[in-house]
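Spelled out, the chains give:
Number of protein chains: 2
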Amino acid sequence: MDISGELLIGGKARRGTSGEFYAKKADSGEKLLPPFGGATKVDLEDATALAWAAFPIYRESNLEARAAFLEEIGKNILELGDTLILRTMAETGLPRGRIEGERMRTVTQLSMFAAEVRSGKFLDLRFDAADPQRKPMPKPDLRLRNVALGPVAVFGASNFPLAFSVAGGDAASALAAGCPVIVKAHSAHPGTSELVGRAVQKAVATCGFPTGTFALLFDAGRDVSQALVAHPHIRAVGFTGSRSAGTAFMHIAASRPQPIPVYAEMSSINPVLLFPQALATQGSEIARKFVDSLTLGAGQFCTNPGLILAVDGAGLDDFIATAVERLRQVAPQTMLTAAICSAYQQGTAKLAAHPKVTTLATGSEAGDFQGSAALFETSGQDFIAHSELHEEVFGAASLVVRCKDATELDIVLSKLEGQLTIALHITDEDYNAAAALLPHLENLAGRLLVNGFGTGVEVSPAMVHGGAYPSTSDGRSTSVGTLAIYRFLRPVCYQDFPHSLLADVLR
Amino acid sequence: MDISGELLIGGKARRGTSGEFYAKKADSGEKLLPPFGGATKVDLEDATALAWAAFPIYRESNLEARAAFLEEIGKNILELGDTLILRTMAETGLPRGRIEGERMRTVTQLSMFAAEVRSGKFLDLRFDAADPQRKPMPKPDLRLRNVALGPVAVFGASNFPLAFSVAGGDAASALAAGCPVIVKAHSAHPGTSELVGRAVQKAVATCGFPTGTFALLFDAGRDVSQALVAHPHIRAVGFTGSRSAGTAFMHIAASRPQPIPVYAEMSSINPVLLFPQALATQGSEIARKFVDSLTLGAGQFCTNPGLILAVDGAGLDDFIATAVERLRQVAPQTMLTAAICSAYQQGTAKLAAHPKVTTLATGSEAGDFQGSAALFETSGQDFIAHSELHEEVFGAASLVVRCKDATELDIVLSKLEGQLTIALHITDEDYNAAAALLPHLENLAGRLLVNGFGTGVEVSPAMVHGGAYPSTSDGRSTSVGTLAIYRFLRPVCYQDFPHSLLADVLR
Chain A
12 MDISGELLIG GKARRGTSGE FYAKKADSGE KLLPPFGGAT KVDLEDATAL
62 AWAAFPIYRE SNLEARAAFL EEIGKNILEL GDTLILRTMA ETGLPRGRIE
112 GERMRTVTQL SMFAAEVRSG KFLDLRFDAA DPQRKPMPKP DLRLRNVALG
162 PVAVFGASNF PLAFSVAGGD AASALAAGCP VIVKAHSAHP GTSELVGRAV
212 QKAVATCGFP TGTFALLFDA GRDVSQALVA HPHIRAVGFT GSRSAGTAFM
262 HIAASRPQPI PVYAEMSSIN PVLLFPQALA TQGSEIARKF VDSLTLGAGQ
312 FCTNPGLILA VDGAGLDDFI ATAVERLRQV APQTMLTAAI CSAYQQGTAK
362 LAAHPKVTTL ATGSEAGDFQ GSAALFETSG QDFIAHSELH EEVFGAASLV
412 VRCKDATELD IVLSKLEGQL TIALHITDED YNAAAALLPH LENLAGRLLV
462 NGFGTGVEVS PAMVHGGAYP STSDGRSTSV GTLAIYRFLR PVCYQDFPHS
512 LLADVLR
Chain B
12 MDISGELLIG GKARRGTSGE FYAKKADSGE KLLPPFGGAT KVDLEDATAL
62 AWAAFPIYRE SNLEARAAFL EEIGKNILEL GDTLILRTMA ETGLPRGRIE
112 GERMRTVTQL SMFAAEVRSG KFLDLRFDAA DPQRKPMPKP DLRLRNVALG
162 PVAVFGASNF PLAFSVAGGD AASALAAGCP VIVKAHSAHP GTSELVGRAV
212 QKAVATCGFP TGTFALLFDA GRDVSQALVA HPHIRAVGFT GSRSAGTAFM
262 HIAASRPQPI PVYAEMSSIN PVLLFPQALA TQGSEIARKF VDSLTLGAGQ
312 FCTNPGLILA VDGAGLDDFI ATAVERLRQV APQTMLTAAI CSAYQQGTAK
362 LAAHPKVTTL ATGSEAGDFQ GSAALFETSG QDFIAHSELH EEVFGAASLV
412 VRCKDATELD IVLSKLEGQL TIALHITDED YNAAAALLPH LENLAGRLLV
462 NGFGTGVEVS PAMVHGGAYP STSDGRSTSV GTLAIYRFLR PVCYQDFPHS
512 LLADVLR
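First to last, the sequence lines map onto chains A and B. Going from the first sequence to the numbering used here is simple: count from 1 and add 11. Going from the second sequence to the numbering used here is simple: count from 1 and add 11.
Be aware that one or more of the hints could be misleading.
Note that identical chains are pooled: a pair holds if it fits in a single copy or bridges any two copies.
Below are the DSSO-like pairs computed for lysine-lysine, each with C-alpha atoms no more than 27 Å apart in a straight line [unchecked claim]:
#1 52 <-> 35
#2 86 <-> 150
#3 361 <-> 23
#4 146 <-> 35
Keep in mind the hints are simulated off the structure, nothing from the lab.
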């Protein structure tokens, strides 16, 4: 399948004429053909009007048909074969193995939501039988089901060009819920987006759903994105990206005449707490696993371990010594985009130059478009005093906070913002100390791990990929796992309805 | 039990010293003793600090103990006997039968949440078994439960001094979820609030929960309310009241360093659609039931039928003739407060003076503190052109919109804002026309009724008391029924936890 650089609207492709941009090869900055045209206001109006028209039909679609549609998308993605793999590799700089794995994850995720749709559990059907004889008032017949919110705007993530992009977790869960989806493609992988978008569009046609069920827009700037979030026909937003962009979307959504939910997954430094006995007995082993997690995929994961918290002592020294040794051997890796690479270099340079921060180690020297891993250290006292040290540096950089005692560590914890994950490294003897911290940690993060690292997010029913702001905009939700479908649903109660007016599932 | 006018904080009563106000007899404006003292900043800090300290203990409380606590509150409310009934009657002007019924509803609601707590269903426990042999990566052990959000600020409603106030639906569902509750008493029924507050406080003590599990604050102005919503220890808000106050809370909550959810139930005109065949065959009967619903409790219900939509014709004329006749016989009723009464009189006067509105009927003349029912008419065209006619007039006023044809009625429907309820009056022959409207109506309202009126909200598993903005701040939720508990929960995933660190329910 060829990439045309066109928008996908209403079952067709059309050239966007509001600006033009190119994908770039991640490892060289070289322009990749063809040019992509940005959506105009007319394109946006067309896409949203079609989505709005598709909504009442698509949301009432038979569950089996909807599940088959999700699977069809997966099949179509696989059929793109190496055309997709090679384009994604070029646009993101990620290696073949990673892209193939992510493709499998994307397809599996679609199948998981298909199974969730078939189960019907997400409808939360409830029936309260009537009791006409009840005194003082007769009891009505009440039936409840969840219905889809409406068309959803999805903003793909740069760091998951398949699993959190055009047919990724947000789109899959919204489509599963019965919501038409309009994706604004990430400008870092527009060719990948178009290929996958065509796979979705083809599935819409094959399954006979209204053409407005899916659209793909490109944006040469930011106008399309903001207009999408503000558009009255858009009823929810799924986003993975920066804190600034996510927070801007939250404000746009809250200021609409009719506010809508924004599910933004934004910013997390994923603290790792190393407890004394774990450090004393397994410091080196933990350090090796830590460096492996930190440097996986050039550190470009939302769950990357960006903060190490421990109390001063020989165990921490051992941990650092091993981590430094291992990290120095890590080869630099191509980053997703020149902008991400530049932000990473600025972030690490800022840490290196900070008067209260020591650079412990860096990986071997990075070439253009590459990021080199980096490990820094500061004291508990300085971390507490300098909130700029709490900010995420997206990439393979981490900061060790050496606390003078457990009390100082507690204060450090009290200063943390919301997180996607918090990891505890413990042995039996640390359990009591860990248990005492859990209530606070549970308030901050959606997932707590013992003796592991947050990278490698399982796609399954018990997963939570969420957490208090700013890790996400809404800590009541998850963007990974089956629970993600509930973000796009709301309950409706039907009182004393004749059977013929009820949806099939409520009869 | 005597009413002291004191705040209830930390298991004790203390005098608020930030301003003073009195309850007033609803039917005379006469001051009722004692004076109530407004909470100071220190009182607010104490109450929130105690709630925050109580939170980790209360949220992990044994489910049976928590259920028993909710039942104990109900028992204590009943034990207040006529002291409560008489005070509530004086403060609200509502008759004994209504107050006794509402007390029963309040106690039943507490029992319903007790049963929900015992069932444990709200925890949404999920277990994904580990698979250490899985390739390429071992599968971790994942366990999920819902945890409580944190201390909740509850703002009681003026129109449900028991069922939606200190121990009403918001407080009961938040306590059921495991959240400490700080209630800001409604200034229209502070004595009622204190009595019920003492019943809750006594139950906290009896059940051995931390004293910070519950607090009751009075506010002589608005500062305490706004400071509560902005306070970092408050993690969610439950509110029933005006659109302006609810929207202000939404903005305060969204602008916090850490935004929190606001569940505000605000404003709804609850459209009633009269279909042609129903009008032709049952117009008079529907009119009688309509007037009964409209004038119940002086029309002071969130689900009061404030808008009648129908196509012009003889059936509509019959409906109006019967409604006019019946409404003229309705005696004026004491309203909840002088401010509500004044707003009602201004609202009806504005409608009566509107150049595009005809006054069809009013009830017999109202005395001071009373509201007299009122029925108005306008055309579909004028309703479409005048958005001020879409605003809620809280009380027993309703507006008939006479549409020239079904097409104009569709346009009227397209202009409506979000609603708590929409009622359809239909016979078999209207089913096709009704079915065509359902997708749009479902987007607007949380509850759709056939051949009934929205007043009389059942407290049960399938109830939805919610709807699109501005009927509520969050159309994904309900403030009545068992589903209300989910507003105060969020999921947390535990990965590879040793059993001894897991909560009992997850082992």
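Could you tell me which of the numbered hints above are not met by this structure, giving the numbers in increasing order?
-> Violated hints (numbers, rising): 3, 4; every other hint is consistent with the structure.
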